[in-house]
Amino acid sequence: MSAEAAQTQSRPARRNGGQRRGRLPHNSHARSGGLAPYLFLLPAGLFFGLFLLAPIVYAGMLSLRSSRVQGGIIGVRKEVFVGLANYGAALSDPELLHSVLRMLLYGSIVVPVMLGLALLFALLLDSQVVRFARFSRIAIFLPYAVPGVIATLLWGFLYLPAVSPIRYVTDRTFLPDVDFLGPRSIFGSVANIAIWGGVGFNMIVLYTGLRAIPSELYDAARVDGCGELQIALRIKLPLLVPALVLTFVFSLIATLQVFNEPQTLRPLTNTISPVWMPLMRVYDLAFTDNNPYGAAALSVVIAAVLFAGSYALLRASTKRVFQGR
Amino acid sequence: MRAKILVKAIPALLGVVLLLAACSGGGSKSNGQSGSAAQQSGPVKLTFWTWATNINKVVAIWNQKNPNIQVTVSTPAQGDALVTKLLAANKGGNPPDLFQAEYQALPSLITNGVTADISKYVGSIQGAFTDGAWKLVRFGSATYAIPQDFGPMMLFYRADLFKQYGLAVPTTWDQFAQEAATLHAKAPKRFLTTFSGHDPGWFAGLAEQAGAQWWSNDGKSWTVAINDAATQKVASYWNGLVTRGVIQGQPMYTPQWNKAMNDGTLLAWPSAVWGPAVLAGIAPDTKGKWAMAPLPAWTAGDQHVGFWGGSSTAVAAKSKHQAQAAQFAAWLNTDPQALEALVTQGSLYPAATQGQSTPSLQKAPDFMPNQPTFFQTAQQISASAAGFTWGPDVNVAYSTYNDAFSKAVQSHQPFTTALDAMQSATVADMKKAGFALTNS
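Protein chains in written order, with my numbering: chain A, 124 to 448; chain B, 11 to 450.
Derived by calculation from the structure, the hints in this document are not laboratory data. It is possible that some hints are incorrect.
[Stated by the list, open to error] Here are the simulated DSSO-like pairs of lysine-lysine, each with C-alpha atoms no more than 27 angstroms apart in a straight line:
1. B:67 / B:55
2. B:442 / B:173
3. B:297 / B:269
4. B:75 / B:199
5. B:145 / B:199
6. B:173 / B:145
7. B:330 / B:55
8. B:145 / B:230
9. A:201 / B:95
10. A:201 / B:130
11. B:173 / B:55
12. B:130 / B:330
13. B:75 / B:442
14. A:201 / B:441
15. B:145 / B:130
16. A:201 / B:330
17. A:201 / B:101
18. B:328 / A:201
19. A:201 / B:196
20. B:67 / B:442
21. A:201 / B:230
22. B:328 / B:173
23. B:101 / B:196
24. B:269 / B:55
[To be verified] Here are a few chain B residues that face chain A, going by a calculated C-beta distance under 7 angstroms:
25. 120
26. 406
27. 420
28. 422
29. 426
30. 427
31. 443
[Unchecked claim] Pairwise CB distance ranges, derived in the manner of DEER restraints:
32. A:406 / B:228: 48 to 56 angstroms
33. A:432 / B:233: 52 to 60 angstroms
34. A:174 / B:297: 26 to 34 angstroms
Ideal Cβ placement from N, Cα and C applies to all residues, glycine included.
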């Protein structure tokens, strides 16, 4: 209720320029405050610098270095400056391109299916026709509380032919056998785990957005002759766009960061290679090849793409969705 | 070695919990005493990173006997994960004094300056080991660790099912292939064994038997030969069996594999001396049904086999007490009392020849009561087992194995292509790191 209401209330104030006029005395007041504001900022700034900026800077430095062997047949590794060589290696790695393509395929399954289901469930729960709404809401949300690794192990057992109860049933009936871990079906199988875990969370976000819509709008719509379906499509959906954009961005970021599910599923099957997804490549570089320098370079690349992508998306959507109307 | 890790995971995890509790108390004390004055007056304190089961019980024997050299055990990780932690600790300047290292990890630890050359402390104990075992810890003209346990390869098979299907125990790989075909014709849902694209150590052991030498050096430069004729022979052989569908192409150490080993879907397992402990964990219903025979040979009568798994005890280059650490490592792996304790408490198969005939290895393994001569046979096999000279980037070769062989099995590509991928990735990595190479 509150978020949407606050937004609609603050809009007129912003338009008539009241804020701008009000801001001037505040600013001059802050300037005269001397050190005080900086002191207040210090704790947060310190932690931000120590635990966010410093590691990023360190990763940036590492990414420009590498280790080279000197002396003797076994020799000793020394850290040397190599410039942008690690970036060159990361970007020219054919495995990285393949893993990005696999990630896009995976994302193209996860994002629409997960958000579609979340939206459907949220609308159903918000409509007045559904019974056991409370129970359903908790039941759909529950998988989100299961840690990704455990969820993957759980699904892994369902996928493996020899231990799968699904296979047990198809073997004993006329139903066709399904290979969940085949070269193509693996995308659906991994996506399924993410969808299973993510629908509940997104549903709650969307449902909360729906509850924030003033019920007078529905009354007005009903007076105008709208049915439940029309209310959903013409009132709820347009007002839900900000929440949808938010969940969309979250899902995109989650897709770029996909790691837990394939990494946990990997030991069970030939289908998932150690570098199946971009982040798995980072892990492989750092902890299998013992090449933290290359891993740092690739991390910087992925972080840059992630940052640029989310920024562009949010900027575009903020303009259109939050202010443009 | 992964096999052992899995079997030992639960007790080791318990151990970690206990040790963490112990360490949190002990760590601060040793830090406080690191001043030079305290070191001279008090006993020397050594830290030992290891994941061997119940090793703290063996260390307790030493601590009781040697009040002046006290060893504290810690298990921060296992296998490759411990190597990663060692590299990080070494960079941070606080590595342990001693650590457990798998043989193939030693070269990488040496080039990263983690492992100390302990030749001058341990030269005299070479005679306690077979040549094959001692070669695993020698690089160039220096000794970098002391062999602890090893895994000479051998064949485990379901004696009961072999009898049921009229299969003979194969002595050559040709015969093994024939038995695989015979079995599959008689029982299409059973397979003689599986080819795992996830176990490079297993494949390396098989290649060792065929006479491969993946890495070699003439003292000046390295030669990498992962796709040499011997390894190609091994790869093509297994490729043929998988393609014909007479064996599985599924990875080992999965719930699926456990079930297949337990319910008789798989009838044989080319493995190593530690096999019974793994089988006891994953296939408890088959106790007493497995038997062990020497690994099939490429030419009849050839007794030479390779290793799968095993590890050594090494001393850190940054340890302030290398002499004492080497003294402890030598005791741990050659002293009769220590060996007996390693065998009974840790279920290790010791690399020291004397350890292989300790009293507790005179009877059959618990899981294979049907084979009282198990360890006598194992010792005969061990005597003629020999491995590679491991190169400095086994991690890269192994990771490429996982990737390339999994793909080859999955998409029916020739295994020799996967070998070429291993070769080129390994050569490229060594070249990039700056090693002198004869490969172009």
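To see whether the hints hold, each was checked on the structure:
1. Proposed proximity of residue 67 (chain B) and residue 55 (chain B) is supported: the alpha carbons are some 17 angstroms apart, at most 27 angstroms.
2. Of the pairs offered as hints, the one joining residue 442 (chain B) and residue 173 (chain B) is violated, with about 54 angstroms between alpha carbons and a cut-off of 27 angstroms exceeded.
3. Between the alpha carbons of residue 297 (chain B) and residue 269 (chain B) the distance comes to roughly 14 angstroms, so the proposed pair stays at or under 27 angstroms and holds.
4. For a cut-off of 27 angstroms, the pair hint linking residue 75 (chain B) to residue 199 (chain B) is broken: about 57 angstroms separates their Cα positions.
5. Taking the CA atoms of residue 145 (chain B) and residue 199 (chain B), the gap is about 43 angstroms. The hint is violated against a cut of 27 angstroms.
6. A threshold of 27 angstroms between alpha carbons decides the hint, and for residue 173 (chain B) with residue 145 (chain B) the separation of about 40 angstroms lies outside it, so the pair is violated.
7. Distance hint between residue 330 (chain B) and residue 55 (chain B) is fulfilled; the C-alpha atoms sit about 10 angstroms from each other, no more than 27 angstroms.
8. Taking the CA atoms of residue 145 (chain B) and residue 230 (chain B), the gap is about 19 angstroms. The hint holds against a cut of 27 angstroms.
9. For the hint pairing residue 201 (chain A) with residue 95 (chain B), the CA-to-CA distance comes to about 18 angstroms; that is within 27 angstroms, so the pair holds.
10. With a CA separation close to 25 angstroms, the supplied pair residue 201 (chain A) and residue 130 (chain B) stays within the 27 angstroms bound.
11. Between residue 173 (chain B) and residue 55 (chain B) the alpha-carbon distance is near 56 angstroms, which puts this suggested pair outside the 27 angstroms criterion.
12. Under the criterion of a C-alpha separation no larger than 27 angstroms, the hint pairing residue 130 (chain B) with residue 330 (chain B) is consistent with the structure, at around 16 angstroms.
13. Annotation: proposed proximity of residue 75 (chain B) to residue 442 (chain B) is violated, straight-line Cα distance about 48 angstroms (limit 27 angstroms).
14. Annotation: proposed proximity of residue 201 (chain A) to residue 441 (chain B) holds, straight-line Cα distance about 15 angstroms (limit 27 angstroms).
15. A distance of roughly 17 angstroms separates the Cα atoms of residue 145 (chain B) and residue 130 (chain B); the hinted pair therefore holds under the 27 angstroms criterion.
16. In summary, the hint linking residue 201 (chain A) to residue 330 (chain B) is supported, as the alpha carbons are separated by about 22 angstroms, within the 27 angstroms threshold.
17. Distance hint between residue 201 (chain A) and residue 101 (chain B) is fulfilled; the C-alpha atoms sit about 11 angstroms from each other, no more than 27 angstroms.
18. Only pairs whose Cα atoms come within 27 angstroms are accepted, and residue 328 (chain B) paired with residue 201 (chain A) is accepted, the gap being roughly 16 angstroms.
19. Pair hint residue 201 (chain A) plus residue 196 (chain B) does not hold up; C-alpha atoms about 59 angstroms apart against a cutoff of 27 angstroms.
20. For the hint pairing residue 67 (chain B) with residue 442 (chain B), the CA-to-CA distance comes to about 44 angstroms; that exceeds 27 angstroms, so the pair is violated.
21. A threshold of 27 angstroms between alpha carbons decides the hint, and for residue 201 (chain A) with residue 230 (chain B) the separation of about 19 angstroms falls inside it, so the pair holds.
22. The suggested pairing of residue 328 (chain B) with residue 173 (chain B) is violated, with an alpha-carbon distance near 57 angstroms, which exceeds 27 angstroms.
23. Only pairs whose Cα atoms come within 27 angstroms are accepted, and residue 101 (chain B) paired with residue 196 (chain B) is rejected, the gap being roughly 58 angstroms.
24. Proximity of residue 269 (chain B) to residue 55 (chain B) is assessed by CA-CA distance (about 46 angstroms); at most 27 angstroms being required, the pair is judged violated.
25. Residue-level restraint check for residue 120 (chain B) holds (minimum Cβ-Cβ distance to chain A is 5 angstroms; threshold 7 angstroms).
26. Taking 7 angstroms as the C-beta cut-off, the interface hint given for residue 406 (chain B) holds, the closest approach to chain A being about 6 angstroms.
27. Residue-level restraint check for residue 420 (chain B) holds (minimum Cβ-Cβ distance to chain A is 5 angstroms; threshold 7 angstroms).
28. Violation of the interface hint for residue 422 (chain B) is found here, the shortest Cβ-Cβ separation to chain A being roughly 11 angstroms, above the 7 angstroms cut-off.
29. Here the hint on residue 426 (chain B) is broken, as its CB sits about 18 angstroms from the closest CB of chain A, past 7 angstroms.
30. Below 7 angstroms, beta-carbon pairs count as interface contacts, and residue 427 (chain B) has none with chain A, the closest being about 15 angstroms; its hint is therefore violated.
31. Satisfaction of the interface hint for residue 443 (chain B) is found here, the shortest Cβ-Cβ separation to chain A being roughly 5 angstroms, below the 7 angstroms cut-off.
32. Look at residue 406 (chain A) against residue 228 (chain B): about 36 angstroms separates their beta carbons, and that is not inside 48 to 56 angstroms.
33. Distance hint for residue 432 (chain A) and residue 233 (chain B): a CB-CB separation of about 46 angstroms, inconsistent with the stated range 52 to 60 angstroms.
34. At roughly 53 angstroms, the beta carbons of residue 174 (chain A) and residue 297 (chain B) sit outside the given window of 26 to 34 angstroms.
Comparing the model with each numbered hint stated earlier shows that hints 2, 4, 5, 6, 11, 13, 19, 20, 22, 23, 24, 28, 29, 30, 32, 33, 34 do not hold.
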